[in-house]
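Asks: Construct all of the structure, not just a fragment, from the sequences and the given hints.
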Amino acid sequence: MSTILQKIVATKAEHIEQLKVRYPEEQLQPKISLKSLYDTLKEEPTSFIFECKKASPSKGLIREDFHLGEICSIYRRYANAISVLTDEQFFQGSFENLAIVRKLVNQPILCKDFIVDSYQIRLAAHHGADAILLMLSVLDDEQYQALATIAKQYQLDILTEVSNEDELQRAIDFDAAIIGINNRNLRDLSTDIDTTRQLAPLIGQDRVIISESGIYTNQQVKQLAPLVNGFLVGSSLMAENDLDLACRQLVYGNNKVCGITSIEDSSAAANAGATHIGFIFTPKSPRYVSPETAANITDHHRHAQRGLNFVGVFVDQSIDDIVSLSQRLGLHSVQLHGKESTDFIQQLKARFTISGLSTKVTKAVAVDENSQVHFVANNSDRLLLDTKNQDQFGGTGNAFDWGLPIENKASAWLAGGLSPENATEAMKQGFYGLDFNSGLEVSAGIKDTAKIQHVFTLLRNY
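For the sequence shown, UniProt numbering begins at 1 and goes up steadily by one.
These are computed hints drawn from the structure, not numbers from a lab.
Incorrect hints may have been included.
Said to hold, decoys possible - The following label-pair restraints were derived from C-beta to C-beta distances:
no. : residue 1 : residue 2 : range
1   : Ser355    : Ile4      : 43 to 49 Å
2   : Ser341    : Pro226    : 42 to 48 Å
3   : Gly397    : Ser262    : 18 to 24 Å
4   : Ser443    : Asp206    : 48 to 54 Å
5   : Ser190    : Ser443    : 49 to 55 Å
6   : Leu61     : Ala350    : 35 to 41 Å
7   : Glu43     : Gln429    : 23 to 29 Å
8   : Ala99     : Glu240    : 23 to 29 Å
9   : Thr449    : Gln169    : 45 to 51 Å
10  : Gly397    : Gln169    : 52 to 58 Å
Claimed, not checked - Straight-line Cα separation of at most 25 Å, BS3-like style, residue types lysine-lysine; simulated pairs:
no. : residue 1 : residue 2
11  : Lys222    : Lys451
12  : Lys20     : Lys103
13  : Lys20     : Lys31
Here a beta-carbon is modelled for each residue, glycine too, at the ideal position from N, C-alpha and C.
Replies: Here is the structure:
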(Lines of atoms letter the chains of each structure in order from A and count residues from 1; the text may use other names and numbers.)
(Lines give C-alpha, C1' and ligand atoms only; values in the text may rest on other atoms or scores of the structure.)
Protein backbone atom coordinates (compact mmCIF):
# COMPACT_ATOMS: atom_id res chain seq x y z
CA MET A 1 0.00 0.00 0.00
CA SER A 2 1.42 3.40 -0.95
CA THR A 3 2.39 6.07 1.55
CA ILE A 4 -0.59 8.29 0.73
CA LEU A 5 -2.96 5.33 0.97
CA GLN A 6 -1.43 4.34 4.29
CA LYS A 7 -1.97 7.86 5.57
CA ILE A 8 -5.58 7.98 4.36
CA VAL A 9 -6.51 4.58 5.74
CA ALA A 10 -4.68 5.21 9.03
CA THR A 11 -6.77 8.31 9.69
CA LYS A 12 -10.03 6.96 8.29
CA ALA A 13 -11.07 5.11 11.46
CA GLU A 14 -10.73 8.28 13.53
CA HIS A 15 -12.71 10.26 10.98
CA ILE A 16 -15.47 7.62 10.95
CA GLU A 17 -15.84 8.09 14.70
CA GLN A 18 -16.29 11.82 14.08
CA LEU A 19 -18.96 11.07 11.48
CA LYS A 20 -20.79 8.87 13.97
CA VAL A 21 -21.09 11.85 16.31
CA ARG A 22 -22.67 13.94 13.53
CA TYR A 23 -24.73 11.06 12.17
CA PRO A 24 -25.49 8.61 15.01
CA GLU A 25 -25.76 5.13 13.56
CA GLU A 26 -29.05 4.40 15.31
CA GLN A 27 -30.61 7.44 13.63
CA LEU A 28 -29.64 6.49 10.09
CA GLN A 29 -32.39 5.53 7.67
CA PRO A 30 -30.57 3.75 4.84
CA LYS A 31 -32.60 3.69 1.64
CA ILE A 32 -32.93 0.78 -0.75
CA SER A 33 -31.54 1.90 -4.10
CA LEU A 34 -33.91 1.65 -7.04
CA LYS A 35 -31.34 2.71 -9.64
CA SER A 36 -28.92 0.19 -11.09
CA LEU A 37 -25.47 1.50 -11.92
CA TYR A 38 -24.67 -1.84 -13.56
CA ASP A 39 -27.65 -1.71 -15.92
CA THR A 40 -26.92 1.92 -16.78
CA LEU A 41 -23.27 1.27 -17.62
CA LYS A 42 -24.00 -1.93 -19.53
CA GLU A 43 -26.08 -0.10 -22.11
CA GLU A 44 -24.64 1.16 -25.40
CA PRO A 45 -22.93 3.42 -26.26
CA THR A 46 -19.89 3.94 -24.05
CA SER A 47 -20.87 5.40 -20.68
CA PHE A 48 -19.46 8.24 -18.59
CA ILE A 49 -19.39 8.63 -14.82
CA PHE A 50 -18.61 12.29 -14.13
CA GLU A 51 -17.28 13.20 -10.71
CA CYS A 52 -17.96 16.03 -8.28
CA LYS A 53 -14.46 16.54 -6.95
CA LYS A 54 -13.13 19.67 -5.26
CA ALA A 55 -9.62 18.52 -4.38
CA SER A 56 -7.29 15.53 -4.35
CA PRO A 57 -4.00 14.51 -2.67
CA SER A 58 -2.17 14.54 -6.02
CA LYS A 59 -3.46 17.90 -7.31
CA GLY A 60 -4.51 19.82 -4.21
CA LEU A 61 -7.42 22.21 -4.76
CA ILE A 62 -8.87 21.48 -8.20
CA ARG A 63 -12.02 23.59 -8.33
CA GLU A 64 -12.22 26.58 -6.05
CA ASP A 65 -15.58 27.66 -7.48
CA PHE A 66 -17.29 24.43 -6.39
CA HIS A 67 -21.05 24.93 -6.77
CA LEU A 68 -22.92 21.63 -6.96
CA GLY A 69 -26.02 23.20 -8.49
CA GLU A 70 -24.03 24.52 -11.43
CA ILE A 71 -21.95 21.35 -11.76
CA CYS A 72 -24.96 19.04 -11.73
CA SER A 73 -26.93 21.18 -14.19
CA ILE A 74 -24.12 20.47 -16.67
CA TYR A 75 -23.29 16.88 -15.73
CA ARG A 76 -26.87 15.68 -16.09
CA ARG A 77 -26.77 16.63 -19.80
CA TYR A 78 -23.84 14.37 -20.56
CA ALA A 79 -23.19 11.82 -17.78
CA ASN A 80 -24.76 8.40 -17.43
CA ALA A 81 -23.94 8.39 -13.72
CA ILE A 82 -22.50 10.82 -11.17
CA SER A 83 -19.70 10.15 -8.69
CA VAL A 84 -19.54 12.18 -5.48
CA LEU A 85 -16.42 12.34 -3.32
CA THR A 86 -17.40 12.05 0.33
CA ASP A 87 -13.91 11.92 1.87
CA GLU A 88 -13.46 15.15 3.83
CA GLN A 89 -9.83 15.03 4.88
CA PHE A 90 -8.08 14.57 1.56
CA PHE A 91 -10.69 15.41 -1.11
CA GLN A 92 -12.74 18.12 0.64
CA GLY A 93 -15.87 16.08 -0.02
CA SER A 94 -18.79 15.30 2.26
CA PHE A 95 -21.89 13.19 2.66
CA GLU A 96 -23.85 16.43 2.62
CA ASN A 97 -22.67 16.85 -0.96
CA LEU A 98 -24.00 13.39 -1.75
CA ALA A 99 -27.44 14.34 -0.42
CA ILE A 100 -27.43 17.57 -2.43
CA VAL A 101 -26.53 15.80 -5.66
CA ARG A 102 -29.22 13.19 -5.03
CA LYS A 103 -31.82 15.99 -5.16
CA LEU A 104 -30.37 17.47 -8.34
CA VAL A 105 -29.95 14.51 -10.70
CA ASN A 106 -31.84 11.40 -11.76
CA GLN A 107 -28.77 9.39 -12.73
CA PRO A 108 -27.36 6.69 -10.45
CA ILE A 109 -24.95 8.13 -7.88
CA LEU A 110 -21.67 6.52 -6.86
CA CYS A 111 -20.39 7.24 -3.36
CA LYS A 112 -16.63 7.63 -3.83
CA ASP A 113 -14.68 7.16 -0.62
CA PHE A 114 -12.14 4.94 1.08
CA ILE A 115 -14.72 2.59 2.52
CA VAL A 116 -13.40 0.36 5.28
CA ASP A 117 -16.39 0.20 7.65
CA SER A 118 -19.98 -0.96 7.21
CA TYR A 119 -21.11 2.31 8.83
CA GLN A 120 -19.90 4.21 5.75
CA ILE A 121 -22.12 2.06 3.54
CA ARG A 122 -25.19 2.72 5.67
CA LEU A 123 -24.32 6.42 5.69
CA ALA A 124 -24.07 6.38 1.89
CA ALA A 125 -27.43 4.64 1.58
CA HIS A 126 -28.92 7.11 4.06
CA HIS A 127 -27.86 10.01 1.82
CA GLY A 128 -29.19 8.43 -1.37
CA ALA A 129 -26.28 6.61 -2.99
CA ASP A 130 -26.95 3.89 -5.55
CA ALA A 131 -23.43 2.44 -5.60
CA ILE A 132 -20.22 2.46 -3.59
CA LEU A 133 -16.53 2.15 -4.37
CA LEU A 134 -14.56 -0.71 -2.81
CA MET A 135 -10.80 -0.55 -3.41
CA LEU A 136 -8.87 -3.81 -3.43
CA SER A 137 -5.69 -1.82 -2.81
CA VAL A 138 -7.17 -1.01 0.61
CA LEU A 139 -9.22 -4.08 1.54
CA ASP A 140 -8.25 -7.69 2.15
CA ASP A 141 -10.52 -10.51 1.01
CA GLU A 142 -12.42 -10.83 4.27
CA GLN A 143 -13.06 -7.08 4.50
CA TYR A 144 -14.23 -6.86 0.90
CA GLN A 145 -16.69 -9.73 1.24
CA ALA A 146 -18.12 -8.39 4.50
CA LEU A 147 -18.64 -4.92 3.03
CA ALA A 148 -20.10 -6.33 -0.19
CA THR A 149 -22.67 -8.25 1.86
CA ILE A 150 -23.79 -5.05 3.59
CA ALA A 151 -24.02 -3.21 0.26
CA LYS A 152 -26.32 -5.86 -1.17
CA GLN A 153 -28.77 -5.32 1.70
CA TYR A 154 -29.47 -1.87 0.25
CA GLN A 155 -29.21 -2.92 -3.41
CA LEU A 156 -26.10 -0.82 -3.79
CA ASP A 157 -23.97 -1.74 -6.78
CA ILE A 158 -20.25 -2.05 -6.14
CA LEU A 159 -17.54 -0.53 -8.29
CA THR A 160 -14.63 -2.80 -7.43
CA GLU A 161 -11.41 -0.92 -8.11
CA VAL A 162 -8.19 -2.63 -9.18
CA SER A 163 -4.80 -1.23 -10.16
CA ASN A 164 -2.79 -4.33 -11.06
CA GLU A 165 -3.19 -7.91 -12.23
CA ASP A 166 -3.21 -9.43 -8.73
CA GLU A 167 -6.07 -7.18 -7.63
CA LEU A 168 -7.89 -7.91 -10.89
CA GLN A 169 -7.74 -11.64 -10.25
CA ARG A 170 -9.19 -11.09 -6.78
CA ALA A 171 -12.04 -9.03 -8.29
CA ILE A 172 -12.78 -11.80 -10.77
CA ASP A 173 -12.71 -14.39 -7.97
CA PHE A 174 -15.21 -12.24 -6.03
CA ASP A 175 -17.43 -12.24 -9.13
CA ALA A 176 -17.38 -8.43 -9.15
CA ALA A 177 -19.96 -7.20 -11.64
CA ILE A 178 -18.40 -3.73 -12.16
CA ILE A 179 -14.62 -3.54 -12.28
CA GLY A 180 -12.88 -0.18 -12.29
CA ILE A 181 -9.33 -0.11 -13.62
CA ASN A 182 -7.43 2.69 -11.91
CA ASN A 183 -4.83 4.11 -14.28
CA ARG A 184 -3.18 5.93 -11.38
CA ASN A 185 -0.07 4.41 -9.87
CA LEU A 186 -0.94 4.34 -6.17
CA ARG A 187 2.72 4.51 -5.20
CA ASP A 188 3.81 7.69 -6.98
CA LEU A 189 0.35 9.01 -8.05
CA SER A 190 1.34 9.12 -11.75
CA THR A 191 -1.18 8.02 -14.38
CA ASP A 192 -0.79 5.71 -17.36
CA ILE A 193 -3.79 4.70 -19.47
CA ASP A 194 -1.82 1.69 -20.68
CA THR A 195 -2.96 0.09 -17.42
CA THR A 196 -6.43 -0.17 -18.97
CA ARG A 197 -4.94 -1.59 -22.17
CA GLN A 198 -3.11 -4.25 -20.16
CA LEU A 199 -5.87 -5.29 -17.77
CA ALA A 200 -9.14 -4.88 -19.68
CA PRO A 201 -8.53 -7.81 -22.10
CA LEU A 202 -8.22 -10.12 -19.07
CA ILE A 203 -11.82 -9.43 -18.00
CA GLY A 204 -14.80 -11.34 -19.35
CA GLN A 205 -17.46 -9.58 -21.40
CA ASP A 206 -20.09 -10.40 -18.77
CA ARG A 207 -18.57 -7.74 -16.50
CA VAL A 208 -18.83 -3.96 -16.77
CA ILE A 209 -15.38 -2.42 -17.16
CA ILE A 210 -14.67 1.20 -16.23
CA SER A 211 -11.42 3.04 -16.94
CA GLU A 212 -10.55 5.52 -14.18
CA SER A 213 -8.01 8.37 -13.93
CA GLY A 214 -5.88 10.00 -16.60
CA ILE A 215 -8.72 10.51 -19.09
CA TYR A 216 -8.43 13.98 -20.61
CA THR A 217 -9.39 13.84 -24.30
CA ASN A 218 -11.95 12.40 -26.66
CA GLN A 219 -9.08 10.83 -28.57
CA GLN A 220 -8.12 8.80 -25.49
CA VAL A 221 -11.76 7.84 -24.99
CA LYS A 222 -12.13 6.55 -28.55
CA GLN A 223 -8.86 4.62 -28.30
CA LEU A 224 -9.94 2.82 -25.12
CA ALA A 225 -13.67 2.50 -25.87
CA PRO A 226 -13.37 -0.91 -27.59
CA LEU A 227 -11.87 -2.29 -24.37
CA VAL A 228 -14.26 -0.88 -21.76
CA ASN A 229 -17.89 -0.03 -21.07
CA GLY A 230 -17.22 3.43 -19.75
CA PHE A 231 -15.02 6.01 -18.08
CA LEU A 232 -14.90 7.69 -14.68
CA VAL A 233 -13.65 11.25 -15.11
CA GLY A 234 -13.19 13.84 -12.39
CA SER A 235 -10.04 15.95 -12.12
CA SER A 236 -9.69 16.78 -15.81
CA LEU A 237 -13.24 18.18 -15.94
CA MET A 238 -13.20 19.87 -12.55
CA ALA A 239 -10.05 21.80 -13.53
CA GLU A 240 -11.79 23.47 -16.49
CA ASN A 241 -13.33 26.93 -16.15
CA ASP A 242 -15.92 26.18 -18.83
CA LEU A 243 -17.28 22.86 -17.59
CA ASP A 244 -20.03 22.57 -20.20
CA LEU A 245 -17.58 23.01 -23.07
CA ALA A 246 -15.15 20.58 -21.44
CA CYS A 247 -17.87 17.92 -21.20
CA ARG A 248 -18.76 18.33 -24.87
CA GLN A 249 -15.11 18.14 -25.91
CA LEU A 250 -14.61 14.96 -23.90
CA VAL A 251 -17.80 13.20 -25.00
CA TYR A 252 -18.02 14.33 -28.64
CA GLY A 253 -14.58 15.69 -29.49
CA ASN A 254 -13.89 18.97 -31.26
CA ASN A 255 -16.65 19.58 -33.80
CA LYS A 256 -17.57 22.78 -35.60
CA VAL A 257 -20.81 23.64 -37.33
CA CYS A 258 -19.92 26.33 -39.84
CA GLY A 259 -22.04 28.70 -41.90
CA ILE A 260 -24.25 29.63 -38.94
CA THR A 261 -26.66 32.51 -39.63
CA SER A 262 -29.21 32.34 -36.79
CA ILE A 263 -29.60 31.82 -33.05
CA GLU A 264 -31.87 28.85 -33.76
CA ASP A 265 -29.18 27.03 -35.73
CA SER A 266 -26.38 27.89 -33.30
CA SER A 267 -28.51 26.67 -30.39
CA ALA A 268 -29.29 23.43 -32.21
CA ALA A 269 -25.57 22.88 -32.73
CA ALA A 270 -24.67 23.67 -29.12
CA ASN A 271 -27.46 21.49 -27.73
CA ALA A 272 -26.38 18.58 -29.90
CA GLY A 273 -22.75 18.76 -28.76
CA ALA A 274 -20.82 21.19 -31.00
CA THR A 275 -17.79 22.89 -29.48
CA HIS A 276 -17.23 25.45 -32.24
CA ILE A 277 -19.58 27.70 -34.23
CA GLY A 278 -18.42 29.21 -37.52
CA PHE A 279 -19.46 32.56 -39.01
CA ILE A 280 -18.62 33.28 -42.64
CA PHE A 281 -17.79 36.96 -43.16
CA THR A 282 -17.04 36.74 -46.87
CA PRO A 283 -19.77 38.72 -48.71
CA LYS A 284 -19.61 36.46 -51.78
CA SER A 285 -20.58 33.40 -49.74
CA PRO A 286 -24.24 32.26 -49.73
CA ARG A 287 -23.69 31.68 -46.00
CA TYR A 288 -22.50 35.21 -45.31
CA VAL A 289 -23.60 36.59 -41.96
CA SER A 290 -23.49 40.26 -41.03
CA PRO A 291 -21.42 41.36 -38.02
CA GLU A 292 -24.64 42.56 -36.36
CA THR A 293 -26.31 39.15 -36.66
CA ALA A 294 -23.16 37.39 -35.49
CA ALA A 295 -23.02 39.71 -32.47
CA ASN A 296 -26.62 38.84 -31.56
CA ILE A 297 -25.74 35.14 -31.71
CA THR A 298 -22.58 35.42 -29.60
CA ASP A 299 -24.34 37.62 -27.04
CA HIS A 300 -27.18 35.11 -26.77
CA HIS A 301 -24.88 32.22 -25.94
CA ARG A 302 -22.75 34.21 -23.51
CA HIS A 303 -25.85 35.29 -21.61
CA ALA A 304 -26.98 31.66 -21.57
CA GLN A 305 -23.53 30.72 -20.20
CA ARG A 306 -23.24 27.98 -22.79
CA GLY A 307 -19.57 27.70 -23.67
CA LEU A 308 -18.85 27.83 -27.39
CA ASN A 309 -15.75 28.66 -29.39
CA PHE A 310 -16.74 31.22 -32.02
CA VAL A 311 -14.80 31.13 -35.28
CA GLY A 312 -14.71 33.79 -38.00
CA VAL A 313 -14.13 32.69 -41.59
CA PHE A 314 -12.38 35.19 -43.88
CA VAL A 315 -11.12 35.19 -47.48
CA ASP A 316 -8.37 37.66 -48.41
CA GLN A 317 -9.73 40.35 -46.09
CA SER A 318 -7.74 43.08 -44.38
CA ILE A 319 -5.99 42.66 -41.06
CA ASP A 320 -7.92 45.66 -39.74
CA ASP A 321 -11.27 44.03 -40.56
CA ILE A 322 -10.26 40.68 -39.08
CA VAL A 323 -8.95 42.18 -35.84
CA SER A 324 -11.95 44.49 -35.50
CA LEU A 325 -14.46 41.64 -35.80
CA SER A 326 -12.38 39.44 -33.51
CA GLN A 327 -12.52 42.12 -30.82
CA ARG A 328 -16.20 42.83 -31.30
CA LEU A 329 -17.30 39.19 -31.21
CA GLY A 330 -14.68 37.71 -28.91
CA LEU A 331 -13.62 35.20 -31.55
CA HIS A 332 -11.77 32.13 -30.34
CA SER A 333 -10.10 31.79 -33.72
CA VAL A 334 -10.13 33.03 -37.29
CA GLN A 335 -10.10 30.75 -40.30
CA LEU A 336 -8.36 32.02 -43.43
CA HIS A 337 -9.53 30.55 -46.74
CA GLY A 338 -7.80 32.84 -49.22
CA LYS A 339 -4.25 33.37 -50.43
CA GLU A 340 -3.03 34.75 -47.12
CA SER A 341 0.77 34.51 -46.99
CA THR A 342 3.07 33.50 -44.18
CA ASP A 343 3.95 37.17 -43.66
CA PHE A 344 0.26 38.13 -43.55
CA ILE A 345 -0.43 35.55 -40.86
CA GLN A 346 2.60 36.69 -38.86
CA GLN A 347 1.41 40.31 -39.01
CA LEU A 348 -2.13 39.27 -38.07
CA LYS A 349 -0.94 37.36 -35.02
CA ALA A 350 1.21 40.32 -33.98
CA ARG A 351 -1.84 42.58 -34.18
CA PHE A 352 -3.84 40.15 -32.07
CA THR A 353 -1.11 40.27 -29.43
CA ILE A 354 -0.90 44.08 -29.48
CA SER A 355 -4.70 44.25 -29.19
CA GLY A 356 -4.67 41.97 -26.15
CA LEU A 357 -6.45 39.17 -28.00
CA SER A 358 -5.75 35.46 -27.64
CA THR A 359 -7.44 34.71 -30.97
CA LYS A 360 -5.89 31.77 -32.81
CA VAL A 361 -5.30 31.51 -36.56
CA THR A 362 -6.37 28.51 -38.65
CA LYS A 363 -5.24 28.34 -42.28
CA ALA A 364 -7.39 26.42 -44.74
CA VAL A 365 -5.52 24.23 -47.21
CA ALA A 366 -7.09 22.93 -50.42
CA VAL A 367 -6.57 19.19 -50.89
CA ASP A 368 -6.78 17.04 -54.01
CA GLU A 369 -5.22 13.78 -55.19
CA ASN A 370 -1.96 15.58 -56.02
CA SER A 371 -1.54 17.13 -52.57
CA GLN A 372 1.64 16.63 -50.59
CA VAL A 373 1.52 14.41 -47.52
CA HIS A 374 2.87 17.05 -45.13
CA PHE A 375 1.24 20.46 -45.03
CA VAL A 376 3.20 23.43 -43.71
CA ALA A 377 1.41 25.48 -41.05
CA ASN A 378 2.61 28.81 -42.55
CA ASN A 379 2.77 30.47 -39.12
CA SER A 380 -0.81 29.46 -38.35
CA ASP A 381 -1.80 27.78 -35.10
CA ARG A 382 -3.70 25.05 -36.87
CA LEU A 383 -4.59 23.85 -40.37
CA LEU A 384 -7.96 23.01 -41.87
CA LEU A 385 -7.92 20.56 -44.76
CA ASP A 386 -10.75 21.16 -47.23
CA THR A 387 -11.63 19.84 -50.67
CA LYS A 388 -9.97 21.77 -53.49
CA ASN A 389 -12.39 23.71 -55.68
CA GLN A 390 -11.57 26.51 -58.07
CA ASP A 391 -14.86 28.36 -57.66
CA GLN A 392 -15.81 28.05 -53.98
CA PHE A 393 -14.20 28.82 -50.64
CA GLY A 394 -15.47 25.75 -48.78
CA GLY A 395 -19.03 24.50 -48.55
CA THR A 396 -18.61 22.43 -51.71
CA GLY A 397 -20.34 19.37 -50.28
CA ASN A 398 -17.53 17.17 -51.58
CA ALA A 399 -14.99 15.16 -49.61
CA PHE A 400 -11.38 14.61 -50.62
CA ASP A 401 -9.62 11.25 -50.37
CA TRP A 402 -9.11 10.64 -46.65
CA GLY A 403 -6.77 7.81 -47.51
CA LEU A 404 -4.01 10.27 -48.44
CA PRO A 405 -1.00 9.71 -46.14
CA ILE A 406 -1.32 13.02 -44.31
CA GLU A 407 1.27 13.25 -41.54
CA ASN A 408 -0.17 15.92 -39.25
CA LYS A 409 -3.82 14.89 -38.97
CA ALA A 410 -3.89 15.11 -35.18
CA SER A 411 -3.40 18.88 -35.29
CA ALA A 412 -5.66 19.66 -38.27
CA TRP A 413 -9.37 20.14 -38.84
CA LEU A 414 -11.07 17.95 -41.44
CA ALA A 415 -13.59 19.72 -43.69
CA GLY A 416 -15.25 19.10 -47.03
CA GLY A 417 -18.43 17.12 -47.61
CA LEU A 418 -18.95 15.99 -44.01
CA SER A 419 -22.48 14.77 -43.32
CA PRO A 420 -24.39 12.11 -41.36
CA GLU A 421 -23.57 9.69 -44.17
CA ASN A 422 -19.81 9.78 -43.58
CA ALA A 423 -19.43 11.18 -40.04
CA THR A 424 -18.75 7.78 -38.46
CA GLU A 425 -15.90 7.11 -40.87
CA ALA A 426 -14.62 10.68 -40.55
CA MET A 427 -14.23 10.47 -36.78
CA LYS A 428 -12.01 7.41 -37.23
CA GLN A 429 -9.47 9.31 -39.33
CA GLY A 430 -7.61 10.82 -36.37
CA PHE A 431 -8.05 14.52 -37.13
CA TYR A 432 -8.10 17.17 -34.42
CA GLY A 433 -11.73 17.94 -35.20
CA LEU A 434 -14.51 17.79 -37.79
CA ASP A 435 -15.91 20.86 -39.57
CA PHE A 436 -19.51 20.41 -40.76
CA ASN A 437 -21.27 22.82 -43.08
CA SER A 438 -23.37 22.07 -46.17
CA GLY A 439 -23.93 18.44 -45.14
CA LEU A 440 -26.15 19.65 -42.27
CA GLU A 441 -28.29 22.07 -44.28
CA VAL A 442 -31.75 22.38 -45.77
CA SER A 443 -30.39 25.10 -48.05
CA ALA A 444 -27.30 27.33 -48.03
CA GLY A 445 -27.08 29.01 -44.62
CA ILE A 446 -30.13 27.21 -43.19
CA LYS A 447 -29.27 24.24 -40.98
CA ASP A 448 -31.36 21.10 -40.57
CA THR A 449 -31.86 20.47 -36.83
CA ALA A 450 -32.63 16.78 -37.40
CA LYS A 451 -29.38 16.31 -39.33
CA ILE A 452 -27.42 18.11 -36.63
CA GLN A 453 -28.89 15.89 -33.92
CA HIS A 454 -28.33 12.78 -36.02
CA VAL A 455 -24.69 13.51 -36.75
CA PHE A 456 -23.85 14.09 -33.08
CA THR A 457 -25.64 10.89 -32.12
CA LEU A 458 -23.31 9.14 -34.56
CA LEU A 459 -20.26 10.90 -33.14
CA ARG A 460 -21.25 9.68 -29.67
CA ASN A 461 -21.57 6.08 -30.84
CA TYR A 462 -18.16 4.60 -30.02
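Asks: None of the hints should be skipped; say for each whether it holds.
Replies: Right, here's what the structure says about each hint:
{"no.": "1", "hint": "Ser355 x Ile4: 43 to 49 Å", "verdict": "46 Å, holds"}
{"no.": "2", "hint": "Ser341 x Pro226: 42 to 48 Å", "verdict": "44 Å, holds"}
{"no.": "3", "hint": "Gly397 x Ser262: 18 to 24 Å", "verdict": "20 Å, holds"}
{"no.": "4", "hint": "Ser443 x Asp206: 48 to 54 Å", "verdict": "50 Å, holds"}
{"no.": "5", "hint": "Ser190 x Ser443: 49 to 55 Å", "verdict": "53 Å, holds"}
{"no.": "6", "hint": "Leu61 x Ala350: 35 to 41 Å", "verdict": "37 Å, holds"}
{"no.": "7", "hint": "Glu43 x Gln429: 23 to 29 Å", "verdict": "27 Å, holds"}
{"no.": "8", "hint": "Ala99 x Glu240: 23 to 29 Å", "verdict": "25 Å, holds"}
{"no.": "9", "hint": "Thr449 x Gln169: 45 to 51 Å", "verdict": "50 Å, holds"}
{"no.": "10", "hint": "Gly397 x Gln169: 52 to 58 Å", "verdict": "54 Å, holds"}
{"no.": "11", "hint": "Lys222 x Lys451", "verdict": "23 Å, holds"}
{"no.": "12", "hint": "Lys20 x Lys103", "verdict": "23 Å, holds"}
{"no.": "13", "hint": "Lys20 x Lys31", "verdict": "18 Å, holds"}
When each numbered hint is compared with the structure, no violation occurs for any of them.
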